[in-house]
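> If you want the building blocks of each chain, they are given just below.
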Amino acid sequence: MDPLKDDPYFDIRNFSLSINKSKILKNITVKIPQNRITVIIGPSGCGKSTLLNSMNRLIDLSEDLETSGSILLKGYDIFDPMVDITELRRKVGSISQTPNPLPMSIFDNVAYGLKIHGIQDKAITMSTVESCLNKVGLWEEVKMRLDAPASTLSIGQQQRLCIARALAVEPEALLCDEATSALDPISAHQIESELLLLKNNYTIVFVTHILRQAKRLADYVVFVYLGEIVEYGPADTFFTEPKDPRTKAYIEGTFG
Amino acid sequence: MKRKSMEEYFFKILMVVSILIVLGGILSVIFTVVLKGVSALSLSMLIESPHGGYYLGGGGGILNAILGSLYLACGAIILSITLSLPVAMSLHQSTMKSRYVEYIRTSLDIACGIPTIIYGAVVFTIMVFIGARSSLFWGMITVAIFILPIMIRSIDEIMLQTPKKIKIAAFALGSTRTEMLSVVVKQSFPGIVTAILLAFGRGIGDAASILFTAGYSDSLPTSLFEPVATLPLAILFQISSPYPVVQQRAYASGLILLVIVLTASIASRVLSKKFMKYVVK
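From first to last, the protein sequence lines stand for chains Y and D. Counting along the first sequence from 1, when you hit position 239 you're at 238 in numbering that gives the first Met the number 0, and nothing is skipped either side. Counting along the second sequence from 1, when you hit position 109 you're at 108 in numbering that gives the first Met the number 0, and nothing is skipped either side.
Keep in mind that a hint or two might mislead.
[What the hints assert, rightly or not] Below, in silico cross-link-like pairs of lysine-lysine (DSSO-like), each with a Cα-Cα straight-line distance of 30 Å or less:
1. Y/134 <-> D/280
2. D/273 <-> Y/142
3. D/3 <-> Y/121
4. Y/121 <-> D/276
5. Y/73 <-> Y/30
6. D/273 <-> Y/114
7. Y/198 <-> Y/242
8. Y/90 <-> D/164
9. D/35 <-> D/1
10. D/272 <-> Y/114
11. Y/198 <-> D/163
12. Y/121 <-> D/273
13. D/280 <-> D/185
14. Y/214 <-> D/164
15. Y/114 <-> D/11
16. Y/134 <-> D/276
17. D/1 <-> Y/90
18. D/272 <-> Y/134
19. D/272 <-> Y/142
20. Y/22 <-> D/273
21. Y/22 <-> Y/247
22. Y/114 <-> Y/73
23. D/164 <-> Y/142
24. Y/142 <-> D/163
25. D/3 <-> Y/114
26. D/185 <-> Y/134
27. D/11 <-> Y/142
28. Y/134 <-> Y/30
29. D/163 <-> Y/25
30. D/1 <-> Y/142
31. D/163 <-> Y/90
32. Y/121 <-> D/185
33. D/273 <-> Y/20
For the record, the hints were derived by calculation from the structure and aren't laboratory data. In this text, all values refer to a predicted model and were calculated from it rather than measured experimentally.
Let the sequences and hints guide you as you build the complete structure.
Below, the structure is given as structure tokens:
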């Protein structure tokens, strides 16, 4: 079975995007398979974060945004004006480059998403917080100080808290924008192994410019260069038999 | 090498001198008020309203002005919080083009710089037009109007300090604009408390704006629609008296006002420390 053909999670078709009249993404066409890790690689400034932020429309926060083409999530266009954007962002969680805890306690950070999506039951909240913190391996570390401000955690713990927070609203996909680049190697490794566990239940899109990380994580690889997709495919063939000369050069490290 | 160390030395001296000037200014104000006022300060001054002949050196106190000032400033603060918080929030998360938001900010900045007596005169004109007489109510309105731009701009400025990543975090979890703003308010809460108490200090200390609008009265404030005494005006009337005893009482009144304002700013410090706990730096 080829997950790329059967029922992809995101089906991006001829998607172009410009901010302030400058074209950032040009004619992107790619399928993101369900319950796999798709890694988007490419040199800095090539538009990979923009592509990622388009998938849950966080890109809407930019002014003077113009898009064309479509991004289909399980067949529905997310840029359709009828789309409930809060529901879209609940389904498609995102993890940013540097941890961004909310100005609240550790507990409230995870419970925040439940609150804004209307879950008030204390018992449900409590058990969700515990299970989400468990999923990222943070529960044992913080269970004695759930009321402490989230900013008192270490950077690596904060990033895992952010993943737990994203998981609390029961998303289907997680978008990670160089989610480990601000962390020390041990924390980064921890997060990588958690993502590898999570991929059985979540569609994960991971942006990075570190090739070795891409090799460790990826089931599928998308190579973006200057706002265009150069090549995409399963990780095993992508790294060993790149078709495009630019991909080959990037993998060999001659540019980027 | 020598030029560099001379430069270093020069700026060090400059720094020390400017600190001395600023500190000296504040301390000399406090010292003058305390030295001249403390001898005239008495219990009766705090708990009695003026008896007949108080302004000629007779007995009594300025409880009317203390209460009047507190009522007026608190009322004005409540009025302007209810207006300034929503305005600051909408400036912060405006759907308008940012150019218009900048125009609004600039106009508010100009409004901050308008002398308070102008606000007093404008409100007084309105009062004359509709035939209202000076009262606690109109005093509150005037003070609320002139602290409004100060409060909006300081709350706005504090909310602008909110790191963008916090807003993104809230949006990424599916917050609406309003839910995102409540996170921003949470993050800026200590600063908002400070802004409110600083505005309180401005409001309670202003004489010019309430000269015509609040009026003056020797009896304790009992109604919103009666003229009311205030500390700044009590100081003004007493210090312009030819009697040294009364002039001294002006300093004592100044001391009372100073204590109220200092209490407010210390309270703001303590309160903001308390709310600092969860703030993300």
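> Under the criterion that the straight-line Cα-Cα distance not exceed 30 Å, is the pair residue 198 of chain Y, residue 242 of chain Y satisfied?
Holds, at roughly 27 Å.
> Check whether the Cα positions of residue 142 of chain Y and residue 163 of chain D lie no farther apart than 30 Å.
Distance of about 29 Å is within 30 Å: holds.
> For residue 273 of chain D and residue 114 of chain Y, compute the direct alpha-carbon distance and say whether it is at most 30 Å.
Judged against 30 Å, a Cα distance of about 24 Å means the pair holds.
> Tell me if the straight-line CA distance from residue 3 of chain D to residue 121 of chain Y falls inside 30 Å.
With a Cα-Cα distance of about 64 Å, the restraint between residue 3 of chain D and residue 121 of chain Y is violated, given a limit of 30 Å.
> Holds or violated: residue 22 of chain Y with residue 273 of chain D, Cα cutoff 30 Å?
47 Å, violated
> Would you check the hint for residue 273 of chain D and residue 20 of chain Y, treating anything up to 30 Å between C-alpha atoms as holding?
46 Å, violated
> Given the proposed pairing of residue 272 of chain D with residue 134 of chain Y, does the C-alpha separation stay at or below 30 Å?
The given pair, whose Cα atoms are some 34 Å apart, is violated under the 30 Å limit.
> For the pair we were handed, residue 73 of chain Y and residue 30 of chain Y, check the Cα-Cα distance against 30 Å.
11 Å, holds
> Between residue 35 of chain D and residue 1 of chain D, does the CA-CA distance stay at or below 30 Å?
50 Å, violated
> Hey, residue 11 of chain D versus residue 142 of chain Y, does the alpha-carbon distance stay inside 30 Å?
50 Å, violated
> Does residue 163 of chain D pair with residue 90 of chain Y here, judged by a C-alpha cut-off of 30 Å?
22 Å, holds
> Keeping to a limit of 30 Å between CA atoms, is the pair of residue 114 of chain Y and residue 11 of chain D held or broken?
With a Cα-Cα distance of about 53 Å, the restraint between residue 114 of chain Y and residue 11 of chain D is violated, given a limit of 30 Å.
Going down the numbered hints, you'll see the structure goes against 3, 9, 15, 17, 18, 20, 25, 27, 30 and 33, while the others check out.
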